[in-house]
Amino acid sequence: DQQVKQNSPSLSVQEGRISILNCDYTNSMFDYFLWYKKYPAEGPTFLISISSIKDKNEDGRFTVFLNKSAKHLSLHIVPSQPGDSAVYFCAASVFQGAQKLVFGQGTRLTINP
Amino acid sequence: NAGVTQTPKFQVLKTGQSMTLQCAQDMNHNSMYWYRQDPGMGLRLIYYSASEGTTDKGEVPNGYNVSRLNKREFSLRLESAAPSQTSVYFCASSWGQGTNEKLFFGSGTQLSVL
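From first to last, the protein sequence lines are chains E and Y. When you read off a place in the first sequence, starting at 1, and then add 105, the result is the number in this note's numbering. When you read off a place in the second sequence, starting at 1, and then add 331, the result is the number in this note's numbering.
Don't take every hint at face value.
Subject to a maximum C-alpha distance of 27 Å in a straight line, what follows is the list of computed BS3-like cross-link-like pairs (lysine-lysine) [claimed, not checked]:
id : chain 1 : residue 1 : chain 2 : residue 2
1  : E       : Lys110    : E       : Lys176
2  : Y       : Lys433    : E       : Lys142
3  : Y       : Lys388    : E       : Lys142
4  : Y       : Lys388    : E       : Lys110
5  : E       : Lys173    : Y       : Lys433
6  : E       : Lys205    : Y       : Lys388
7  : Y       : Lys433    : E       : Lys159
8  : E       : Lys161    : Y       : Lys433
9  : E       : Lys110    : Y       : Lys433
10 : Y       : Lys433    : E       : Lys176
Heads up, incomplete: computed chain Y residues facing chain E, CB under 8 Å, no partners named [said to hold, decoys possible]:
id : residue
11 : Met372
12 : Leu374
13 : Lys433
14 : Phe436
15 : Gly437
16 : Ser438
17 : Gly439
18 : Leu442
None of these hints come from the bench; they were simulated from the model. Quick reminder that beta carbons are idealized off the backbone N, C-alpha and C, glycines included.
Working from the sequences, and respecting the hints, build out all of it.
Printed below as a string of structure tokens:
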């Protein structure tokens, strides 16, 4: 049973526009959510996170929104740049921390010039 | 600062062969992890070590063993490789201090079992 789901395997966006990546989860015990970015032949790198006590967290061009009632989070990238082309994974954990991280399947984002 | 280093980067095995994937981190992290990434499945936790001297099973531990050799090193062993273990393997580490933790990943090992 996939507890964290990214239903869009791929997304294509024009440079300068907004990219919106979505993630749904089923476990209501999740209280911390993260986004990781992965380039080919590299390991994932941490991008941004949000605690369940917040509904929005912003870091430069990246904003994560959390809707607890809908069990849904989204990552907004504004404006999108060619270097943002990568695979994005959302992940969630319960109180126990990183040992209990559950990852989604990933969304491949392509930014077109 | 190297971060998390994994060796080898690529490996091809025949069914039934054994091998050990090596991982070392130089960030003085307490916790270390092994994940596998398969198409359409995301990253799945194989084993983790919350601190030196401890190891625990993750979501998909069958067919694997691990050793936390010291605080820096965490190895993953396949005793008798199977084609189902063809995957990309990632080692990761974290401070291990509880909630709101970030993982730091190595660059991965591409393993093919024929």
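Here's how the hints hold up against the structure:
1. Lys110(E) x Lys176(E): 11 Å, holds
2. Lys433(Y) x Lys142(E): 13 Å, holds
3. Lys388(Y) x Lys142(E): 25 Å, holds
4. Lys388(Y) x Lys110(E): Given that 27 Å is the threshold and the Cα spacing comes to 23 Å, the pair holds.
5. Lys173(E) x Lys433(Y): Roughly 21 Å between the alpha carbons, so the hint for Lys173(E) and Lys433(Y) holds.
6. Lys205(E) x Lys388(Y): Satisfied, since the Cα-Cα distance of roughly 11 Å is no more than 27 Å.
7. Lys433(Y) x Lys159(E): 18 Å, holds
8. Lys161(E) x Lys433(Y): 18 Å, holds
9. Lys110(E) x Lys433(Y): 20 Å, holds
10. Lys433(Y) x Lys176(E): 21 Å, holds
11. Met372: Met372(Y) check passes; min Cβ-Cβ to chain E is 6 Å, inside 8 Å.
12. Leu374: 4 Å, holds
13. Lys433: Cβ of Lys433(Y) sits 4 Å from chain E, so the hint holds.
14. Phe436: Phe436(Y) check passes; min Cβ-Cβ to chain E is 3 Å, inside 8 Å.
15. Gly437: The hint holds - Gly437(Y) has a Cβ within 8 Å of chain E, the shortest such distance being about 5 Å.
16. Ser438: This interface hint holds because 5 Å falls under the 8 Å limit.
17. Gly439: Holds. Min distance 6 Å.
18. Leu442: Interface hint status for Leu442(Y): violated (14 Å vs cutoff 8 Å).
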